[in-house]
Amino acid sequence: MSINGRTRIAFILVASLACAGAAAADDTPRTPGGKPDFSGNYDISTLTPIQRSPELGERLTLTEAEAEEIRLREARNIETRSQASDPDRTAPPVGGNIGAYNYFFMDRGTSAVKVGGKYRTSVLTDPPNGRFPPLTERGKARRDGLYGFSKKNTGPAWWRDREVGPYDDPESLSIADRCVFSLEATIPIYSKSYNNIKTIVQTDTHLVILIEWMHYARIIPISPSREAAMHLPDTIRSRAGDSVAWWEGDTLVIDTTNFLEENWIATTLFREPSPPADQHVIERLSFQDPDTLLYQFTLESGDWEAPYSGEYTWPATDAKLYEFACHEGNYATGNTLRGARFEERRVEAASSGAP
4 MSINGRTRIA FILVASLACA GAAAADDTPR TPGGKPDFSG NYDISTLTPI
54 QRSPELGERL TLTEAEAEEI RLREARNIET RSQASDPDRT APPVGGNIGA
104 YNYFFMDRGT SAVKVGGKYR TSVLTDPPNG RFPPLTERGK ARRDGLYGFS
154 KKNTGPAWWR DREVGPYDDP ESLSIADRCV FSLEATIPIY SKSYNNIKTI
204 VQTDTHLVIL IEWMHYARII PISPSREAAM HLPDTIRSRA GDSVAWWEGD
254 TLVIDTTNFL EENWIATTLF REPSPPADQH VIERLSFQDP DTLLYQFTLE
304 SGDWEAPYSG EYTWPATDAK LYEFACHEGN YATGNTLRGA RFEERRVEAA
354 SSGAP
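Remember, the working numbering sits 3 above the position in the sequence shown when you count from 1.
A hint or two may mislead.
[As the list claims (entries may be wrong)] In silico DSS-like cross-links for lysine-lysine, where the CA-CA straight-line distance does not exceed 25 Å:
1. Lys143 <-> Lys195
2. Lys121 <-> Lys195
3. Lys143 <-> Lys38
4. Lys117 <-> Lys323
5. Lys38 <-> Lys195
[To be verified] Across the chosen pairs, the derived CB separations fall in these ranges:
6. Arg341 <-> Pro310: 40 to 46 Å
7. Lys121 <-> Gly37: 27 to 33 Å
8. Glu230 <-> Ala280: 23 to 29 Å
9. Ala352 <-> Ala280: 40 to 46 Å
10. Tyr197 <-> Asp171: 43 to 49 Å
11. Ala335 <-> Glu230: 46 to 52 Å
None of these hints come from the bench; they were simulated from the model.
Built from N, CA and C at the ideal position, the CB exists for glycine as well.
Please work from the sequences and hints to get the whole structure.
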């Protein structure tokens with residue numbers, strides 16, 4: 004072997020040892036190959052809203068006092084709404100709010116999210132006002148829905164004259180109502196009112212994010228570089244799209260396309276329709292500190308006049324992810340269909356003059 008060859012081998016060995024030493028020194032959990040290891044459970048619940056309150060304008064952060072008030076307000080809310088209900092209470096008025104789950108089942112977190120040592124006013128960071136950009140005409144039309152959901156309160160059984168109605172059968176209800184899939188809990192990943200645990204399993208070649216809400220697993224191949232990351236053919240699509248990933252330093256970049264456009268509207272957090280076929284989402288995972296991930300995302304599609312971006316932290320937790328067994332107790336689907344049939348019969352009887 005030549006002297007140059009021995010020198011080159013020695014240089015590579017020294018460089019490798021130096022990199023390993025640096026990786027060990029920064030306390031970042033790492034794989035044997037030296038990449039950040041995101042494996043673990045994370046509780047992403049937060050009281051920070053997705054969109055910023057309009058009166059805050061372009062203000063990105065909260066003061067410590069404002070963040071403390073948010074924490075105290077939620078603590079008071081939990082205490083108040085956890086009280087036993089009055090067994091002698093009267094029925095709500097016609098058209099009144101009948102409520103939802105008891106607050107025992109809610110888990111919205113206990114504080115606002117903190118990024119870089121500062122509490123945030125919103126998850127969204129771009130546009131600068133921390134709010135979703137305006138919808139395009141296409142976006143507005145898609146949110147009007149296959150069945151014209153914006154008109155559902157215009158009168159009793161307003162759907163009766165439609166050939167296909169929103170309450171004809173279980174398949175006509177949204178896939179969120181049917182416990183099939185929740186878009187906004189899956190991609191981009193937002194904190195919701197409960198079931199906020201995310202479990203990450205990572206190998207050298209794949210990252211798996213198990214989503215507690217709807218119990219959905221995103222399986223993401225990791226490529227050696229951006230150029231090597233190849234999406235599936237355009238003809239192969241899914242509700243959560245096709246995700247590929249690569250490393251940029253200590254940040255894992257996840258690129259998702261190939262969304263399946265369907266005729267459904269999620270009636271959960273944003274009343275979003277299915278993702279449009281041209282939707283493109285870029286997510287970034289990195290460590291803010293050894294016990295906290297920083298999750299960042301950017302979404303663009305023809306439904307919005309401009310892309311929007313956001314970021315928030317995922318603290319590690321010892322809590323466990325449980326099966327989202329929604330189907331077993333999903334009384335809402337049957338009750339919705341029964342209620343629709345009752346309403347149709349009542350309107351039919353009124354229109355025919357029957358007593």
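Tested hints:
{"no.": "1", "hint": "Lys143 <-> Lys195", "in the structure": "24 Å, holds"}
{"no.": "2", "hint": "Lys121 <-> Lys195", "in the structure": "22 Å, holds"}
{"no.": "3", "hint": "Lys143 <-> Lys38", "in the structure": "43 Å, violated"}
{"no.": "4", "hint": "Lys117 <-> Lys323", "in the structure": "23 Å, holds"}
{"no.": "5", "hint": "Lys38 <-> Lys195", "in the structure": "30 Å, violated"}
{"no.": "6", "hint": "Arg341 <-> Pro310: 40 to 46 Å", "in the structure": "43 Å, holds"}
{"no.": "7", "hint": "Lys121 <-> Gly37: 27 to 33 Å", "in the structure": "30 Å, holds"}
{"no.": "8", "hint": "Glu230 <-> Ala280: 23 to 29 Å", "in the structure": "25 Å, holds"}
{"no.": "9", "hint": "Ala352 <-> Ala280: 40 to 46 Å", "in the structure": "44 Å, holds"}
{"no.": "10", "hint": "Tyr197 <-> Asp171: 43 to 49 Å", "in the structure": "30 Å, violated"}
{"no.": "11", "hint": "Ala335 <-> Glu230: 46 to 52 Å", "in the structure": "47 Å, holds"}
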